[in-house]
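Visitor: Just need the whole structure built from these sequences, with the hints factored in.
Top to bottom, those sequences are chains A and B. Going by our numbering, the first residue of the first sequence is number 4, and it counts up by one from there. Going by our numbering, the first residue of the second sequence is number 75, and it counts up by one from there.
No false leads were mixed into what you were given.
List time: in silico DMTMM-like cross-link candidates among lysine to aspartate or glutamate, alpha-carbon distance up to 25 Å: (1) B:K358 to B:D372; (2) B:K466 to B:D395; (3) B:K100 to B:E86; (4) B:K100 to B:D80; (5) B:K371 to A:E112; (6) A:K49 to A:E135; (7) B:K391 to B:D425; (8) B:K358 to A:E112; (9) B:K358 to A:E114; (10) B:K358 to A:D120.
Calculated Cβ distances over 12 Å to all of chain B for the following chain A residues: (11) F47; (12) L74; (13) A75; (14) G76; (15) A79; (16) R130; (17) K132; (18) K141; (19) Y143.
Treat the hints as calculated values from the structure; they're not laboratory data. Glycine included, every Cβ here is placed at the ideal spot set by N, Cα and C.
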Amino acid sequence: VTPDNPIVLLVDDDPRVREALCSLISSVGLRVAAFGSAAEFLEFEKADAPACLVLDLQLPDVSGLELQLELAGGDAPPIVFISGHGDVPSSVRAMKAGAIEFLSKPFGEQELLQAIDAALALDRTARQKRSELAELRKTYSPHASRTRGAPVRSCGLRE
Amino acid sequence: MTPAGDTETVNEQLVAYTGRTPLELKNWAEKIHPEDRAQVADHWRRSLETGDPYEADERVQRADGVYRWFHTRGLPMRDAEGRIVRWCLLLTDVEDRKRAEESLRERERELSMIIETMPGLVWCAVPHGELNYVNQRILDYIGTNLEALAQAGWLNFLHPDDVQPTINAWSSAVVTGQPHDVQYRLRRFDGTYRWFHVLGQPAYDADGHRTRRYGLLVDIDDRKNMEEALRNTQARLSRAVQTATVGELAASIAHEINQPLAAVVANGHACLRWLSSQPPNLAKAHEAAERIVRDGKDAGEVIRRIRALFKRTMLEKTDLDINEIITEVLRLTRSEVVRRGVAVDTELELDLPSVAGDRVQLQQLLLNLLVNGMEAMDRIADRPKRLSICSKQQAGEGVLVEVRDCGPGLTEPDKAFDAFFTTKENGLGMRLAICRSIVEAHQGRLWAESANGTGATFCFTLPNHREANGDSR
Numbered sequence: 004v005t006p007d008n009p010i011v012l013l014v015d016d017d018p019r020v021r022e023a024l025c026s027l028i029s030s031v032g033l034r035v036a037a038f039g040s041a042a043e044f045l046e047f048e049k050a051d052a053p054a055c056l057v058l059d060l061q062l063p064d065v066s067g068l069e070l071q072l073e074l075a076g077g078d079a080p081p082i083v084f085i086s087g088h089g090d091v092p093s094s095v096r097a098m099k100a101g102a103i104e105f106l107s108k109p110f111g112e113q114e115l116l117q118a119i120d121a122a123l124a125l126d127r128t129a130r131q132k133r134s135e136l137a138e139l140r141k142t143y144s145p146h147a148s149r150t151r152g153a154p155v156r157s158c159g160l161r162e
Numbered sequence: 075m076t077p078a079g080d081t082e083t084v085n086e087q088l089v090a091y092t093g094r095t096p097l098e099l100k101n102w103a104e105k106i107h108p109e110d111r112a113q114v115a116d117h118w119r120r121s122l123e124t125g126d127p128y129e130a131d132e133r134v135q136r137a138d139g140v141y142r143w144f145h146t147r148g149l150p151m152r153d154a155e156g157r158i159v160r161w162c163l164l165l166t167d168v169e170d171r172k173r174a175e176e177s178l179r180e181r182e183r184e185l186s187m188i189i190e191t192m193p194g195l196v197w198c199a200v201p202h203g204e205l206n207y208v209n210q211r212i213l214d215y216i217g218t219n220l221e222a223l224a225q226a227g228w229l230n231f232l233h234p235d236d237v238q239p240t241i242n243a244w245s246s247a248v249v250t251g252q253p254h255d256v257q258y259r260l261r262r263f264d265g266t267y268r269w270f271h272v273l274g275q276p277a278y279d280a281d282g283h284r285t286r287r288y289g290l291l292v293d294i295d296d297r298k299n300m301e302e303a304l305r306n307t308q309a310r311l312s313r314a315v316q317t318a319t320v321g322e323l324a325a326s327i328a329h330e331i332n333q334p335l336a337a338v339v340a341n342g343h344a345c346l347r348w349l350s351s352q353p354p355n356l357a358k359a360h361e362a363a364e365r366i367v368r369d370g371k372d373a374g375e376v377i378r379r380i381r382a383l384f385k386r387t388m389l390e391k392t393d394l395d396i397n398e399i400i401t402e403v404l405r406l407t408r409s410e411v412v413r414r415g416v417a418v419d420t421e422l423e424l425d426l427p428s429v430a431g432d433r434v435q436l437q438q439l440l441l442n443l444l445v446n447g448m449e450a451m452d453r454i455a456d457r458p459k460r461l462s463i464c465s466k467q468q469a470g471e472g473v474l475v476e477v478r479d480c481g482p483g484l485t486e487p488d489k490a491f492d493a494f495f496t497t498k499e500n501g502l503g504m505r506l507a508i509c510r511s512i513v514e515a516h517q518g519r520l521w522a523e524s525a526n527g528t529g530a531t532f533c534f535t536l537p538n539h540r541e542a543n544g545d546s547r
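Guide: Here is the structure:
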């Protein structure tokens, strides 16, 4: 168990797959939160911890690829795609848009857990960079220099 | 007239008509129209020589100079020895009759011109079928004359495959006295067959007896060939669509099986991990093992349903009341309806014609549509969940059944039957594809309608019993 308490976010519309993957992921000591649709996932308040998104390609509301596009550019966690009928064009699009891995169901635990590990590692690095950048901004912004010593709220890159 | 042909006496009518005195009428020939003079003189001379009765039509000039047609008959009067003693001639004014005959001939010429020049083949037959007239176009087309045609029989010029249907149509038209309407291939003079559309019409005399049957043949060979080409194209298209559907179905089946299989594999790995953790987590391992059993059964169920889907030949059609099937399925689903908090209302038309169908398949069809409608409303919280089922007779299409929900509706109703397409979280993407295959196996139609976000309506038609039998020869 890693000390930074990472979390795996799982979006799949099939309850059987959700249950099974939750059990498997939690059996290796990772936290997991599961959602049946993109909307449910978007409503969920994200924890301040390294994360990875295990995303099914076919969702009832929007497709996994659409969700990937929607999240692109923000601080969203890296994505591992899973699919019941992964076609070549979809997997190419997913990988080009920055997905870590594209797994066709049924897949072995090694493939999934390795992809999750890689995704979490990537997110840790990204989080580290973001926090360093925020620190620099805090130090060198004109506002910060005038109010030196006063408590400053941490702010995201996008604000 | 004297036996030598000279005028003896004339009556007053003739004097009044010609405006000539009896004496002047000795030279009667000059009152005859110049064109008729030679013929009259000729006839008259012959009668005088032979003693045969005289008979001729000629124009005689009236007092005002106008010529009118007369029919003249002359008989010789003989003495005891048989010698001609005198000729008596009777002139009858036939001008009006002549005019009527002339106009009749004119009309006949016109009519015959119309019939011979119209771009169709025309015939006329006596009521039991013998031809008594065909126009020149028919003779030109088949390359024979009327006698040869009558002798060979017109059926001999038909394509062998079309003879019996034509005889049937003709006989039933003759029995009922109705017009007849058939299509057959007629052999041309060069041996090729062309399609004709034949319309026949009975004609009656003043007493209402059928006297004739008139027929018109129109060459529709080019149209037929075009129709045939269209049909071939349609058949090819439909085969292409079927092939595409098979591909889609295969992908859909793969998805249906991969889902539980993925769960089984992940649960198996999880089970092993819970068992090998320190200390082993037996409760979690047990849960995972139970899910393996459940999902394995699920995959088996998918296979069973797919096999059922492809067992089309098992269709056992009987005479069914669709309302009865709707009621049965509603009874079967009552607990599910209550559990989901759905209100079902029905509007079933009484005395619907029966449909020819497989009871189990039609139950499956309605069950799928009901469950589909209920699932579409699962997430509705702001309004009552209403499901309406209505059945009615549809002119020309047999029986129509509609299942209407008030869920989110369909953005693309036409895609609803594609094997993957589902808007439901737990939806089996194949359910509607199965519905469609059931309806099509019954020669019906299934389609979806959706009016801007106020629910979806799934409609299907089934031909009624008689029509379905006609189709399934």
